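Colleague: Below, each chain spelled out in residue letters.
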Amino acid sequence: MHSEHKPLLSVRNLKTYFFQDEGTVKAVDGATFDVYPGKTLGVVGESGCGKSVTAQSILRIVDQPGRIVEGEIVLCCAKGTDVELTKLHPNSKEIRAIRGTEIGLVFQEPMTSFSPVHTVGNQIIEAIRLHCGISEREARAKAIETLRQVGIPKPERRIDEYAFELSGGLRQRAMIAVALSCDPRLLIADEPTTALDVTTQAQILDLLRRMQEQRGMAIMLITHNLGVIAEMADDVVVMYLGRVVEQGPVDAIFHSPKHPYTKALLRSIPSIESTPRVELPTISGSIPHPYNRPSGCPFFPRCPECIPGTCDTAEPTPIAVSEEQSVSCFLYPS
Amino acid sequence: MANMEQILLEVKGLQKFFPIRRGILQRVVGQVRAVDDVTFHINQGETLSLVGESGCGKTTTSRCILRAIDPTAGEIYFRTDACEMLNIAALPESRVQPLRRCMQMIFQDPFSSLNPRMTLLDIVGEPLLVHGMTDHQERQDRVAELLQLVGMRPEYMQRFPHAFSGGQRQRIGIARALALNPRLVVADEPVSALDVSVQAQILNLLLKLQDQLGLTYLFVAHDLSVVKHISERVAVMYVGRIVEMATTEEIFGAPRHPYTEALLSSVPKPDPRLRSQRIVLEGEVADPANPPSGCYFHPRCRYATDICSEETPVQEEVETGHYVACHRAHELSLRGIARQ
Numbered sequence: 001m002h003s004e005h006k007p008l009l010s011v012r013n014l015k016t017y018f019f020q021d022e023g024t025v026k027a028v029d030g031a032t033f034d035v036y037p038g039k040t041l042g043v044v045g046e047s048g049c050g051k052s053v054t055a056q057s058i059l060r061i062v063d064q065p066g067r068i069v070e071g072e073i074v075l076c077c078a079k080g081t082d083v084e085l086t087k088l089h090p091n092s093k094e095i096r097a098i099r100g101t102e103i104g105l106v107f108q109e110p111m112t113s114f115s116p117v118h119t120v121g122n123q124i125i126e127a128i129r130l131h132c133g134i135s136e137r138e139a140r141a142k143a144i145e146t147l148r149q150v151g152i153p154k155p156e157r158r159i160d161e162y163a164f165e166l167s168g169g170l171r172q173r174a175m176i177a178v179a180l181s182c183d184p185r186l187l188i189a190d191e192p193t194t195a196l197d198v199t200t201q202a203q204i205l206d207l208l209r210r211m212q213e214q215r216g217m218a219i220m221l222i223t224h225n226l227g228v229i230a231e232m233a234d235d236v237v238v239m240y241l242g243r244v245v246e247q248g249p250v251d252a253i254f255h256s257p258k259h260p261y262t263k264a265l266l267r268s269i270p271s272i273e274s275t276p277r278v279e280l281p282t283i284s285g286s287i288p289h290p291y292n293r294p295s296g297c298p299f300f301p302r303c304p305e306c307i308p309g310t311c312d313t314a315e316p317t318p319i320a321v322s323e324e325q326s327v328s329c330f331l332y333p334s
Numbered sequence: 335m336a337n338m339e340q341i342l343l344e345v346k347g348l349q350k351f352f353p354i355r356r357g358i359l360q361r362v363v364g365q366v367r368a369v370d371d372v373t374f375h376i377n378q379g380e381t382l383s384l385v386g387e388s389g390c391g392k393t394t395t396s397r398c399i400l401r402a403i404d405p406t407a408g409e410i411y412f413r414t415d416a417c418e419m420l421n422i423a424a425l426p427e428s429r430v431q432p433l434r435r436c437m438q439m440i441f442q443d444p445f446s447s448l449n450p451r452m453t454l455l456d457i458v459g460e461p462l463l464v465h466g467m468t469d470h471q472e473r474q475d476r477v478a479e480l481l482q483l484v485g486m487r488p489e490y491m492q493r494f495p496h497a498f499s500g501g502q503r504q505r506i507g508i509a510r511a512l513a514l515n516p517r518l519v520v521a522d523e524p525v526s527a528l529d530v531s532v533q534a535q536i537l538n539l540l541l542k543l544q545d546q547l548g549l550t551y552l553f554v555a556h557d558l559s560v561v562k563h564i565s566e567r568v569a570v571m572y573v574g575r576i577v578e579m580a581t582t583e584e585i586f587g588a589p590r591h592p593y594t595e596a597l598l599s600s601v602p603k604p605d606p607r608l609r610s611q612r613i614v615l616e617g618e619v620a621d622p623a624n625p626p627s628g629c630y631f632h633p634r635c636r637y638a639t640d641i642c643s644e645e646t647p648v649q650e651e652v653e654t655g656h657y658v659a660c661h662r663a664h665e666l667s668l669r670g671i672a673r674q
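If you read the protein sequences in the order shown, they are chains A and C.
For the first sequence, our numbering begins at 1 and goes up steadily by one.
For the second sequence, our numbering begins at 335 and goes up steadily by one.
Hints are supplied without guarantee of correctness; some may be wrong.
If we take Cβ atoms under 10 Å as the criterion, some of the chain A residues that face chain C in the derived model are [stated by the list, open to error]: (1) 70; (2) 71; (3) 74; (4) 271; (5) 320.
Heads up, incomplete: computed chain C residues facing chain A, CB under 7 Å, no partners named [unchecked claim]: (6) 501; (7) 523; (8) 526; (9) 527; (10) 530; (11) 539; (12) 562; (13) 600; (14) 618; (15) 655; (16) 656.
Over the 12 Å line for every Cβ pair with chain A, so calculated as not near, a few chain C residues [stated by the list, open to error]: (17) 385; (18) 467; (19) 525; (20) 597; (21) 602.
Honestly, the hints are just simulated from the structure, not real lab data.
This structure is a prediction, so every number in the text was calculated from the model and none was measured.
Here a beta-carbon is modelled for each residue, glycine too, at the ideal position from N, C-alpha and C.
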């Protein structure tokens, strides 16, 4: 389906480790996936699975002592040239030109990601002036226009307000306005609706979808909420302990999941349509501490279909189970 | 209707206003009507959920019931061990304290609700000590028993909370709440801070404990799929008022209030084939310090007519046990979630 298109962003065997005194945390340990223009890629997983570090690696904003130790991140720029992001210095001119103009980022917590001492407008205008090189006056007009597009009422007035004067939903809209202000071709949204109520969440998801239709940009949507993934994504990447355990089109992931972790995850959510008050199937145990990851397949201690002697010693590699779906599990012969 | 024998808790016309003070004289310039005339009851052994968006007064209601804060007005009747209905709202603090052993709370965030400098024995044993179990050995035995009850090894008793994961910490919080054999457990968003795989374990534990110990839950949550899973009855709140209250099946299958309908339709369903025609509510939740006239929901309601902005709807029983506060409850046919 995607074979005729060239991916906008292609991540190959990405490994981002954090070197700490207590040991090395392998936050991302061999992630491989592609993001296609105009499509939404959903990245799903529980806390500590490396979703956010993957996003930070792409933008090269991984905090110390974290470092990309291996892998490639290739971005197909607007001019048609391919840029290898891992080769760039995190403070270089090239990557700073890519942030904002090519790739926009929406954070989870809109309260902490805005500066409390600058107005929302100033922060949007700053981004526009940095990247587009236009006058302050034009930048202000563009900022107001962007705020209007994301559905903020009375943008001429709101632009001079501070982040704390806005409600959670408006703040997240303003955050999206900052990310969209320079017309990026890829929007990375890291848990954009986690801190919001369901009704506001529906508004924000609606907004993201509309913006995607208007601008034809790609979205990489990072979340732990499977409902949001089902609602938004075209393709899905399921991560567990820094690895991609399964990926494929959204319908295949939800209707014929292959990896035992994906299956267990889907079974364990109480669905709004399921029978109430019956015991939910659970995943036994909890996510291992990052300092003592299991050897072999990261999921084997909690896996109901674990093959003793195989899963606890060797590491599975991704195997294509259909044209578009692949899974890293020994249950599927290569 | 449930007969009077079974009612454990009855709340009538509960109000809690917080004053807004301004200026150097700290004059009261307004009121935040956090909870405004809330009436409901909970039967013995059942689970009632309070749902609604943030700021709708769910948590304030539950804290008033525990008398963690004093209500502005209203009555809260609680059935004591001696089977009499006592109005907690009117009791002096000294008489509330012994009642607290009958009602306990499970908190939302298992990382901030456990003191990092106390061992599990101290944490779970503290309510026992406060309520007079001074013998160390006796307390230790009870803590061991409680830890086992929530699925943790008693040997962990000497450890500190930092050694445990979020799910295990939430189990510790549950053990502490159960220490005094309460009859009413108020659970304020007990699973919203947990990962999905752990969330299922805690929900199963709560259901198991309810069967085992005959507990009554007041469950405060915003996640409707969790609410559907755990509760027998649901009360939907909007800006300090209960707009609809009915059995779980009716709320989800045949809602009668437009707000409930919108709330249900905005939950993302974990199935890509059901990408729904969602009702996306426009605008923001009304400000409880400055609520709109008439029905608080009318500026966002797609069914609103003239009367909605003028008169406040009263709560009425449209079917047995199904309460709605909406002018148009009788004429509207609203969309629930298809039962499969």
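Colleague: It remains to establish, for every hint, whether it holds in the given structure.
Modeller: A quick look at each hint next to the structure:
| no. | hint | in the structure |
| --- | --- | --- |
| 1 | 70 | violated, 28 Å |
| 2 | 71 | violated, 26 Å |
| 3 | 74 | violated, 28 Å |
| 4 | 271 | holds, 6 Å |
| 5 | 320 | violated, 21 Å |
| 6 | 501 | holds, 6 Å |
| 7 | 523 | violated, 12 Å |
| 8 | 526 | violated, 10 Å |
| 9 | 527 | violated, 10 Å |
| 10 | 530 | holds, 5 Å |
| 11 | 539 | violated, 10 Å |
| 12 | 562 | holds, 6 Å |
| 13 | 600 | holds, 4 Å |
| 14 | 618 | holds, 6 Å |
| 15 | 655 | violated, 17 Å |
| 16 | 656 | violated, 17 Å |
| 17 | 385 | violated, 10 Å |
| 18 | 467 | holds, 31 Å |
| 19 | 525 | violated, 9 Å |
| 20 | 597 | violated, 7 Å |
| 21 | 602 | violated, 3 Å |
Going down the numbered hints, you'll see the structure goes against 1, 2, 3, 5, 7, 8, 9, 11, 15, 16, 17, 19, 20 and 21, while the others check out.
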